[in-house]
Amino acid sequence: MINIWKFGVSDHEQFEKLVQPHIKRLYTLAYRFTGQRDDAEDLVQDVLLKIYPRLEEIQSIERLGPWLARVLYRQFVDKWRSKDRSIVQLVADEAELESVDDEVQGPAGKLDLTILQNKLQYSLNQLNEEQRHLVIMHDVEGYTLQEIHNLHDISIGTLKSRLNRARTRLRELLKNMEPFESAKRVNSNRTK
Amino acid sequence: MNCKETENNFDSYLDGDLLFNEQKSMDLHLSSCESCVQQLEEINNLRKALSLLPIIEPVSSFEEKAFEVVRKQYPLQGSYRFTIGFASALVASFAIWFFSSLFFVQINGQQPQMINLAMNQIHTVRLMLDAPTDIGQVTLSLGLSDNIRLKGYEAKQQLVWKTSLNKGSNILSLPVTAVTKGQGDLIAQVHYGNRVKKFRIVFKTVNNSLRDGAFNSQINNLHSSYRI
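Protein chains in written order, with the working numbering: chain Z, 1 to 192; chain P, 1 to 228.
Simulated from the structure, these hints should not be mistaken for laboratory data.
Fair warning: there could be bad hints in the mix.
[As the list claims (entries may be wrong)] From the derived model, a few chain P residues whose C-beta atoms are all more than 12 Å from chain Z:
#: 1; residue: 12
#: 2; residue: 24
#: 3; residue: 39
#: 4; residue: 181
[What the hints assert, rightly or not] Quick list of the computed label-pair ranges, beta carbon to beta carbon:
#: 5; chain 1: Z; residue 1: 54; chain 2: P; residue 2: 30; range: 32 to 40 Å
#: 6; chain 1: Z; residue 1: 169; chain 2: P; residue 2: 14; range: 47 to 55 Å
#: 7; chain 1: P; residue 1: 74; chain 2: Z; residue 2: 25; range: 19 to 27 Å
#: 8; chain 1: Z; residue 1: 21; chain 2: P; residue 2: 180; range: 25 to 33 Å
[Said to hold, decoys possible] Quick partial rundown of chain Z residues pointing at chain P, CB under 10 Å, derived from the structure:
#: 9; residue: 7
#: 10; residue: 36
#: 11; residue: 49
#: 12; residue: 79
For clarity, every value in this text was computed on a predicted model and none was experimentally measured.
Glycine residues also receive a C-beta, built at the ideal position from the N, C-alpha and C atoms.
Isolated chain Z (complex conformation) (with noise of 0.2 Å):
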């Protein structure tokens, strides 16, 4: 492997280049807190703005995605949370998703998928905000307790207390539903 001290590169060059790799993975957490796609790219928007002064904080740091999704979430907890928005969208338009298999889901299977997604989102967004937040970081996102301990600094026995009660609840949401009718958006939030 050669290494290559490349000169004569500027600032807006370099910013894109280190943080490029991580936009996708900022969309998509980005997408779970605010659960609108416009909303997403605002907030991704607003984080990529905010951290181009850190330039040369942001070169020194070694695994910048951890990084970078807790800039987000801070971005997300100080200027988004206060908004009156509704933080599910539920699965209402199936020709926007990307990420259902279609070929393994036949038409039947993947209504029912659908269904069972929108309980899911919908009880996700019952929980209070410390639990979603985490529930959404460990169990949709994939991020380790490590990293989420790396993160938040908040020790990994607390954390998976946390989570446990997190689960526990979403189970209890889930058990209580009312059937659910797929085709409802729950925006409730968004008419008050």
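Use these hints to put chain P onto chain Z, whose structure you have.
This is chain P only, laid out in the frame that chain Z set:
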């Protein structure tokens, strides 16, 4: 292991992160506790379902637009840096081909290489430092004569940074410009341990009118290779 301890280790168990003894102890508990088995199965199913929650992808131009907004918000003000990277296999083979076909190896202390530069034009000079082994703590310094400028560092005639060298090829890609006529030079120094290696390239500025024709092909890729 009791039920409480088992519950606390569900995630580690599912992730395969338990130590051998912990795993064994948990398996033992699960073999006799139907309640914990049921909980574990529910959690496993829940985790799987959560990991499959769909997402609506961003618009296709999102990344490009997002970086464009950053560029507009923070216009460049002559701020450049140098970046360290590692060549891919393709680039590496390309570079090696270049070195073998266009470059010559200059041993420390021998006659410096002479390179012609057209005035006020950026020419990328690539220096290859050929290290016999990995060298962890290295201080690299570049010194430029007054009539030579390095793109992005126009106000500096001296650059010093700490780094490491890989065994084999280490490339410095330097966009340089001659700003006044005459001879100039670039001196690269490599400090490691108690040793210092010093390399010198001499630049000779030439009229821009010589850019055309055969000379043009000579100034596009100017490279030198040095053995550490």
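Here is how each hint holds up against the structure:
Taking the minimum C-beta to C-beta distance to chain Z, about 8 Å, the non-interface status of residue 12 of chain P is violated against the 12 Å cut. With a minimum CB-CB distance of about 20 Å to chain Z, residue 24 of chain P clears the 12 Å threshold, and the non-interface call stands. Distance check on residue 39 of chain P: its Cβ comes as close as 9 Å (rounded) to a Cβ of chain Z, failing to clear the 12 Å threshold; non-interface status is violated. Non-interface call for residue 181 of chain P relative to chain Z: holds, since the shortest CB-CB distance, roughly 23 Å, exceeds 12 Å.
The supplied range of 32 to 40 Å is broken by residue 54 of chain Z and residue 30 of chain P, whose beta-carbon atoms lie about 48 Å from each other. Under the hint 47 to 55 Å, the C-beta atoms of residue 169 of chain Z and residue 14 of chain P, about 19 Å apart, miss the expected range. Here the CB-CB span from residue 74 of chain P to residue 25 of chain Z is close to 23 Å, well matched to the stated 19 to 27 Å. In this structure the hint that residue 21 of chain Z and residue 180 of chain P lie 25 to 33 Å apart at CB is violated, the actual value being about 42 Å.
Hint status for residue 7 of chain Z relative to chain P: holds, with the closest Cβ pair at about 4 Å, below 10 Å. Because the beta carbon of residue 36 of chain Z sits about 8 Å from the nearest beta carbon in chain P, less than 10 Å, this interface hint is met. Of the supplied interface hints, the one on residue 49 of chain Z holds, with its beta-carbon coming within about 6 Å of a beta-carbon of chain P, less than 10 Å. Because the beta carbon of residue 79 of chain Z sits about 16 Å from the nearest beta carbon in chain P, more than 10 Å, this interface hint is broken.
In terms of the numbered hints stated before, the structure departs from hints 1, 3, 5, 6, 8, 12, listed from lowest to highest.
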